[in-house]
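Asker: Protein sequences, first through last, are from chains A and B. Just so we're aligned, residue 1 is where the first sequence starts under my numbering, counting upward by one. Just so we're aligned, residue 1 is where the second sequence starts under my numbering, counting upward by one.
Since the hints were derived computationally from the structure, they do not count as laboratory data. Built from N, CA and C at the ideal position, the CB exists for glycine as well. Do not rely on the hints blindly, as some may be mistaken.
[Unchecked claim] Sample of chain B residues facing chain A (criterion: CB under 8 Å; computed from the structure): (1) W15; (2) L29; (3) T92; (4) G134; (5) Q143; (6) I304; (7) R315.
[Said to hold, decoys possible] In silico PhoX-like pairs for lysine-lysine, Cα to Cα no more than 25 Å straight-line: (8) A/K251 with B/K273; (9) A/K194 with A/K2; (10) A/K251 with B/K153; (11) B/K273 with B/K153; (12) A/K232 with B/K273; (13) A/K30 with A/K194; (14) A/K232 with B/K283; (15) A/K251 with A/K2; (16) B/K283 with B/K273; (17) A/K155 with A/K2; (18) A/K232 with A/K251.
Now for the letters of each chain:
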Amino acid sequence: MKVLACVKPVPDPSAPVAYGGDGRLDRRGKLVLDEADSYGVEVALRLAEATGGSVAIASMSDAGDLSPLRSALAMGAEEAFVASDPRLGGADALTTARVLAELVRRAGAEVVVTATESADGYTGTLAAQVAELLGWPALTFASAVSVEDGVVTVKRQSESGTLEVSAPLPCVVSVTAGSVEPRYATFKGIVAAKSRPVTVLDLAELGLGPVDHDVQRVVEIVEAPGRAAGEKIVDEGQGAAAIAAYLESIKVL
Amino acid sequence: MSTVWVVVEPSEEGWSESAGELVTLARSLGDVVRLVTWSSPFDSLEAGRYGATLQYVVAHDESRLVADVVVGALDELSAREGSPDAVVLSSTYDSRDIAGRLSVRWSRTVVANVVGLRHLDGDGWESEHLVAGGARIAHTRVQSAALFIVRPKSVTPSTIDAGPVESVDVPAGSATSSARVLSRMVEEREGPDLESAPVVVSGGRGLGSAERYQWVDELARLLGGAGGASRAIVDAGWVPYSRQVGQTGKTVAPTVYVACGISGATQHLVGMKGSSHIVAINKDPDAPIFQVADFGVVGDVTTILPQLIDLVRARRGS
Ligand SMILES: Cc1cc2nc3c(=O)[nH]c(=O)nc-3n(C[C@H](O)[C@H](O)[C@H](O)COP(=O)(O)OP(=O)(O)OC[C@H]3O[C@@H](n4cnc5c(N)ncnc54)[C@H](O)[C@@H]3O)c2cc1C
Numbered sequence: 001m002k003v004l005a006c007v008k009p010v011p012d013p014s015a016p017v018a019y020g021g022d023g024r025l026d027r028r029g030k031l032v033l034d035e036a037d038s039y040g041v042e043v044a045l046r047l048a049e050a051t052g053g054s055v056a057i058a059s060m061s062d063a064g065d066l067s068p069l070r071s072a073l074a075m076g077a078e079e080a081f082v083a084s085d086p087r088l089g090g091a092d093a094l095t096t097a098r099v100l101a102e103l104v105r106r107a108g109a110e111v112v113v114t115a116t117e118s119a120d121g122y123t124g125t126l127a128a129q130v131a132e133l134l135g136w137p138a139l140t141f142a143s144a145v146s147v148e149d150g151v152v153t154v155k156r157q158s159e160s161g162t163l164e165v166s167a168p169l170p171c172v173v174s175v176t177a178g179s180v181e182p183r184y185a186t187f188k189g190i191v192a193a194k195s196r197p198v199t200v201l202d203l204a205e206l207g208l209g210p211v212d213h214d215v216q217r218v219v220e221i222v223e224a225p226g227r228a229a230g231e232k233i234v235d236e237g238q239g240a241a242a243i244a245a246y247l248e249s250i251k252v253l
Numbered sequence: 001m002s003t004v005w006v007v008v009e010p011s012e013e014g015w016s017e018s019a020g021e022l023v024t025l026a027r028s029l030g031d032v033v034r035l036v037t038w039s040s041p042f043d044s045l046e047a048g049r050y051g052a053t054l055q056y057v058v059a060h061d062e063s064r065l066v067a068d069v070v071v072g073a074l075d076e077l078s079a080r081e082g083s084p085d086a087v088v089l090s091s092t093y094d095s096r097d098i099a100g101r102l103s104v105r106w107s108r109t110v111v112a113n114v115v116g117l118r119h120l121d122g123d124g125w126e127s128e129h130l131v132a133g134g135a136r137i138a139h140t141r142v143q144s145a146a147l148f149i150v151r152p153k154s155v156t157p158s159t160i161d162a163g164p165v166e167s168v169d170v171p172a173g174s175a176t177s178s179a180r181v182l183s184r185m186v187e188e189r190e191g192p193d194l195e196s197a198p199v200v201v202s203g204g205r206g207l208g209s210a211e212r213y214q215w216v217d218e219l220a221r222l223l224g225g226a227g228g229a230s231r232a233i234v235d236a237g238w239v240p241y242s243r244q245v246g247q248t249g250k251t252v253a254p255t256v257y258v259a260c261g262i263s264g265a266t267q268h269l270v271g272m273k274g275s276s277h278i279v280a281i282n283k284d285p286d287a288p289i290f291q292v293a294d295f296g297v298v299g300d301v302t303t304i305l306p307q308l309i310d311l312v313r314a315r316r317g318s
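In isolation and in its complexed conformation, chain A is listed as follows (with noise of 0.2 Å):
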């Protein structure tokens, strides 16, 4: 079974966020695998190894700088699909997802795995969006993954519990991060990660047509309203009954 991880490169999150003067995000620092992807880039190594199948990469980003599709590769995942062309720059999760499912029918792939929502971004969307366009099942928020004869269950989190929820292949899963525990990549396997084939289609060879960046354009980024720090003490023994005092002040105790 051919099974797709959508990955996303974004901004080192330990590094400030900067937004440009056309309100997007400042992408030109240092790019990381989103963490998030690395739960779903195990789950899809996992449906391949209990299949007999393998892993391929997909991405809408900058073929430019090809490390953080790396380290996906680097875990197990054989090739990778980017989709790069600069008048995707801005795009929103619709497009997005046209571009993913367009790299799905490349693939071949008869599972896509993706996280829930991306650290930069989080419309959160996606998942249900590439399997609307591919008409498939979407399977999402899910934080077990199996597959037996042809059929993938989930642990789908909702509000107040959980949901097993069931779908023949081919289908789209969408998984939460602490879903597994993702491996760290082996020597070798960095190694082997420069060699594998990466495959870069722009807009045209995607037969997709032009972006609208007019369904969204940011016009203006604040800062949300913040609230001011109050006291803060030490504790030396006095803290618990220092906040029972604070709790008796507002009438809560």
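Based on these hints, arrange chain B with the ligand on the given structure of chain A.
Answerer: For chain B with the ligand alone, kept in the frame of chain A given last:
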């Protein structure tokens, strides 16, 4: 004249905070406000008071995913009566899936994490949505006919002088996918609901182990509140997702929020910054949680929390 559809999950109580917020918002955006839910209707008096002009209730077979049923039904409705100028949805998982599928069917853009929305004089909308994990707000021009996923507690619900609305039953749409729900497990809950509790005590990785979450529960119980969590300990499997507070969890605004061993990442803060009072216990004096705390204690949560429980218990006992 603009038509706005509001998609919101049903509530056993016949009305919900979420429905009140979204219908209030929709009323400011258009003159025709259609409330869409599934399984069971909202109270038609309440729906009318908040400003809905009609309610659609989609039949939902429990063996199907909500989105698979609702999307088909909405698609058939829009074919009959035209598609709306905007759809506003709550931020739940089912709503995200509905928004995702509808965006493809109707070829519309989706804006998520919306905290403000208004109609522009010409055409289209100006939305405000959270970016940078909640640290910034992006003001965005959005073309007409978009889908907006709105964050909870972003709108202050208000009512108007209007009568009950008509409820229309809508058959389940032709199934969107062959996915089947095999079973449902609902978390048992004692005490108040996390999203409306007057007191929320939350635990993070600083607790050190899953067992110590009992202290969080115990303090919450003693204070008549609910227990919450950071995503780190949900991902670690210490507590179920239903307890998660933050960007991808619940949004709470209690009288007091007590953060125990939580660093205060922006994605956590966005779910609790609206609390009236914030208390934090963290051993790191530079933890970002102290930047929003009204009362902070730098110290070891594993010694302070049991002491605090004893003090509260003593006070409650007397
Ligand atoms: C797309 C996305 C969405 C996210 N959504 C959410 C969300 O909804 N909710 C959420 O919470 N997070 C969310 N996160 C994760 C968030 O960025 C943080 O990783 C998470 O909140 C950290 O949880 P924590 O504070 O428990 O753990 P840590 O960051 O590990 O912090 C533990 C804290 O405990 C303190 N500590 C350690 N030992 C002790 C002790 N003995 N006594 C006192 N203090 C101690 C430490 O000083 C530290 O500050 C999201 C991240 C992304 C990328």
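Asker: Look at each hint and say if it fits the structure.
Answerer: Here is what the structure says about each hint:
About 17 Å separates the beta-carbon of B/W15 from the nearest beta-carbon of chain A, more than 8 Å, and the hint is not met. For the restraint placing B/L29 at the interface with chain A, the shortest Cβ-Cβ distance is roughly 17 Å, beyond the 8 Å limit, so the hint is violated. Residue-level restraint check for B/T92 holds (minimum Cβ-Cβ distance to chain A is 6 Å; threshold 8 Å). Look at B/G134: its Cβ gets to within about 6 Å of chain A, closer than 8 Å, so that hint holds up.
About 5 Å separates the beta-carbon of B/Q143 from the nearest beta-carbon of chain A, less than 8 Å, and the hint is met. A distance limit of 8 Å between C-beta atoms decides the matter here; for B/I304 the minimum to chain A is near 5 Å, and the interface restraint holds. At its closest, the beta carbon of B/R315 sits 6 Å from a beta carbon of chain A; the interface hint therefore holds under the 8 Å criterion. Distance check on the hinted pair: A/K251 and B/K273 sit about 20 Å apart at the alpha-carbon level, within 25 Å; holds.
Straight-line distance between C-alpha atoms of A/K194 and A/K2 comes to about 21 Å, which keeps the hinted pair within the 25 Å bound. Using a Cα cut-off of 25 Å, the hinted pair A/K251 and B/K153 holds, with the two alpha carbons roughly 24 Å apart. Between B/K273 and B/K153 the alpha-carbon distance is near 11 Å, which keeps this suggested pair within the 25 Å criterion. A C-alpha spacing of about 17 Å is found between A/K232 and B/K273, which places the hinted pair at or below 25 Å, so the restraint holds.
Note on A/K30 and A/K194: the hinted pairing holds, with a Cα-Cα distance of about 19 Å set against a maximum of 25 Å. A C-alpha spacing of about 12 Å is found between A/K232 and B/K283, which places the hinted pair at or below 25 Å, so the restraint holds. Annotation: proposed proximity of A/K251 to A/K2 is violated, straight-line Cα distance about 60 Å (limit 25 Å). Only pairs whose Cα atoms come within 25 Å are accepted, and B/K283 paired with B/K273 is accepted, the gap being roughly 21 Å.
For the hint linking A/K155 to A/K2, the alpha-carbon distance of about 22 Å falls within 25 Å, and the restraint holds. As the CA atoms of A/K232 and A/K251 are separated by approximately 20 Å, the hinted pair is consistent with the 25 Å bound.
The structure does not agree with the numbered hints 1, 2 and 15 stated previously, though it agrees with the rest.
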